[in-house]
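Assemble chain V onto chain F, guided by the hints.
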Amino acid sequence: MTYTAEKPSLAESSDQLRTRIPGWGVDLDPKDRPSVPRERFDPDLSGAHWDFPERQPEKWPRERSNEHKFLTPVFGTSCPPKGVSGTMRKYAYKRFSEARAAHWLILVAADRVDAFGSHMRSFATPRPDNPITETGVRSELSHHGIFSRVGKKRADLVHQPLDPIIVAGPWIAAGGLAYVGVKRLLKGGRGSRPSVGA
Amino acid sequence: MQAMVYRGPYKIRVEEKDVPPIEHPNDAIVRVTLGAICGSDLHLYHGMIPDTRVGMTFGHEFIGVVEEVGPSVQNLKRGDRVMVPFNIFCGSCFFCARGLYSNCHNTNPNATAVGAIYGYSHTCGGYDGGQSEFVRVPFADVGPTIIPEWMDDEDAVMLTDACPTGYFGAQLGDIVEGDVVVVFGAGPVGLFAAKSAWLMGAGRVIVIDHLEYRLEKARTFAHAETYNFTDYDDIVVHMKKITEHLGADVAIDAVGAEADGNFLQHVTGAKLKLQGGSPVALNWAIDSVRKGGTVSVVGAYGPIFSAVKFGDAVNKGLTLRMNQCPVKRQWPRLFEHMRNGYLKPSDIVTHRIPLEHIADGYHIFSAKLDGCIKPLIVPNAA
Chain F
1 MTYTAEKPSL AESSDQLRTR IPGWGVDLDP KDRPSVPRER FDPDLSGAHW
51 DFPERQPEKW PRERSNEHKF LTPVFGTSCP PKGVSGTMRK YAYKRFSEAR
101 AAHWLILVAA DRVDAFGSHM RSFATPRPDN PITETGVRSE LSHHGIFSRV
151 GKKRADLVHQ PLDPIIVAGP WIAAGGLAYV GVKRLLKGGR GSRPSVGA
Chain V
1 MQAMVYRGPY KIRVEEKDVP PIEHPNDAIV RVTLGAICGS DLHLYHGMIP
51 DTRVGMTFGH EFIGVVEEVG PSVQNLKRGD RVMVPFNIFC GSCFFCARGL
101 YSNCHNTNPN ATAVGAIYGY SHTCGGYDGG QSEFVRVPFA DVGPTIIPEW
151 MDDEDAVMLT DACPTGYFGA QLGDIVEGDV VVVFGAGPVG LFAAKSAWLM
201 GAGRVIVIDH LEYRLEKART FAHAETYNFT DYDDIVVHMK KITEHLGADV
251 AIDAVGAEAD GNFLQHVTGA KLKLQGGSPV ALNWAIDSVR KGGTVSVVGA
301 YGPIFSAVKF GDAVNKGLTL RMNQCPVKRQ WPRLFEHMRN GYLKPSDIVT
351 HRIPLEHIAD GYHIFSAKLD GCIKPLIVPN AA
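Just so you know, the protein sequences line up as chains F and V, in that order. Everything in the first sequence is counted per this note's numbering, starting at 1 for the first residue and increasing by one. Everything in the second sequence is counted per this note's numbering, starting at 1 for the first residue and increasing by one.
Keep in mind the hints are simulated off the structure, nothing from the lab. Careful: at least some of the hints might be erroneous.
[Stated by the list, open to error] To give an idea of the interface, some chain V residues facing chain F are shown, with a C-beta separation under 8 Å as derived from the structure:
hint: 1; residue: H210
hint: 2; residue: D347
hint: 3; residue: D370
Every residue, glycine too, gets a C-beta built ideally from N, C-alpha and C.
Bound-form chain V, shown alone:
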């Protein structure tokens, strides 16, 4: 089969690999029909996540058709069209039993501080991902769900990470009616977080980024008030000015490890890998939110320490909430929102790239070329 393969920082290519075998009785092998590149894949691509090995196939956003199932699989059969959450989880450990599927303790031997994720380094379990023609899906009775008849493929693939993660980010903010919510980052997760903040009753939704085309999308897709931080000497001061010097009630970091806005932070984090990430957006969130407010973090960071302004968070009495999104827990409610017409996840898709050209896709997404917001990956056999 053809699969994307990591060759080192900023370098990937498509190679022939063996179709993955069933390795556990509850495995399924899924033929991928549509995948995507996530903003967090760029952290791997740029060599920021420890234990990213040459030869790994990335990709934690994908849907497909069940090709083969292991002997203990009861809920799926060959030919089922399935969407697969980016989390790999057992469904039965202490954490899964409490709905914390992203924190499963039975699927990632390499770390206890993060659950398992498809195609996301050995730090996240060492599983190959879905930017390929076939993928091994562990715990087939637990993770995947049959895609409803009414759902488009492009909507379904957006529900495997970006959309539920944004929605989850808004939930972590504990928004109450009339709250002022500021979202840092107008990428896919930020757009969905902003859109979701309205569903939870926000009174004002503000999105901050430096890419005008993404801010335009935040205005049209998420009905948000937008600001380009490059227009201001200090975006935190501007946030105070536009909130009568109170600050926002809720701030959401939807940027994560490669945030721009501070050259030193970006270079030491994203380029030199001396930090787990560049926490510019997180620090802006901490400083922009009001005292007693809530900061929600759904941007991805690596496991190495980062220069976070923790003192400000303490002294302001903030509530900091964060996690990888337990995707499957979000699906029933998101399905309802889609059926009611409140949400059309595929509206943010901008590029559809054949798997054989995936190196171009990564560069386009990474360098923010051509108005790219969300690139999908189409396997050759799809």
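Excised from the complex, chain F in its bound form:
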């Protein structure tokens, strides 16, 4: 037992496990494990036929971590930074290293700005964002949304009600602000009109 020197015994011996579990112990010897040792110097193994790769053309000033000496020779070109969010991203990369919380928090904030701006712009396109189709929430009906939850001891059920708030919350807040703003504007307009008796 634990409070004495011997390790607690197991219910099954190695021979029993070898019989019951297909492949039990085939990687028992660490030499057979591909990630042992952790670092294995072999520059010829990978298939690379260069000491340093050719450089991919840089078609716009590519943002990069200030912990890098230079732009890596190969990089992704998925979504160039644009607009306010792009300015925030470029600032985060240029000003703060990965070690600084500000670097990541600005990038997260830029993500929210990007999402909100993109949603707004989508309404000026033939294909505006559709929260029903884009959230996949219809699959609640087609893939047993109720049966998958009711009577199940799922720890995630306590916070799943927050998801619609996270998705719809900014829209409701923006709608509320717009409503209040318009209402005040109209009220202000009426208040500035000269009275009949003046």
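Just chain V, lined up with the frame of chain F:
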């Protein structure tokens, strides 16, 4: 071509995009024939990973057929059927030369703290991913491998991340014969970690989750002893009780950033994004393993700080081991295990979803509907 496109947290859709061009002499363009949604894609989907831009195409688990190669590509040609590891790596930097392909220094300009990954935010390099009809594959002579004739497509796509990551997680545990191994999380990676622990000679394999259907899979697929943490007031105390108060020799965190089990941790991490993730499983691993034991972390976490019980890890004298899996390094041995019948990766696939319905696929996987363990994505042109 059609491609999945991120529109903001919890929102994606399929759009028409241009087929990606060759941008580097060692690029290949691959026509995707089968993809998958990974549990870590859900972190992107939920808006947890910094610098996830609207318009990006996710997807780091995919196989396909080579459509075009750049002028310096020697090992692949048009028409080759290839599997592509989720890591994008050059093969020649300090790290790649030592087999640490997941830590390549030449492919991710956006961060030095993580390598490059297909379709995994600009924090991981800004590459579009494989939940689309075509994808750009950099360093075609280094990353992709021709799929062996004997291998099924569904097995091959499972070998691009989930299976090798689970196997890698067991290796990081440095398991010796007779070790008690506890795996937190019965998702795809956890299932493969549990299965792999036996291959390395574990004497007892325990899997912890809160989803009964996944625990059932852990029993049948991975021959594991299982516990639903919602059945216990404190799963750490229960772990001590069932190990005669020693604790497990090895604990594997196969959950990562969206762990359940502590409301405050989950909400501050996964919902409010005030942490790099909800480290509930990691903290349970630290507290469940015995003093002097090893904690292996293959669950994905974001780069922002997390409330990890580091003092316990110090005071217990633990060895903490972790990394993104260098996938290609695992393949030769995993191929052997498959040919010997020890491993059938596609056994955990539960859903096959057309690309045009991928928004439903994400919701089903995220909300854990319909017994979903592993959804595959089938492009329309496949």
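Exercise. Do the numbers back the hint for H210 of chain V, that is, is its least Cβ distance to chain F under 8 Å?
Worked result: H210 of chain V check passes; min Cβ-Cβ to chain F is 4 Å, inside 8 Å.
For this session: Under 8 Å, Cβ to Cβ, is where D347 of chain V needs to be relative to chain F, so tell me if that hint holds or is violated.
Result: violated (12 Å)
Problem set entry | Hinted contact D370 of chain V with chain F - closest CB pair below 8 Å | holds (4 Å)
This entry does not satisfy hint 2, going by the numbered hints stated previously; all others are met.
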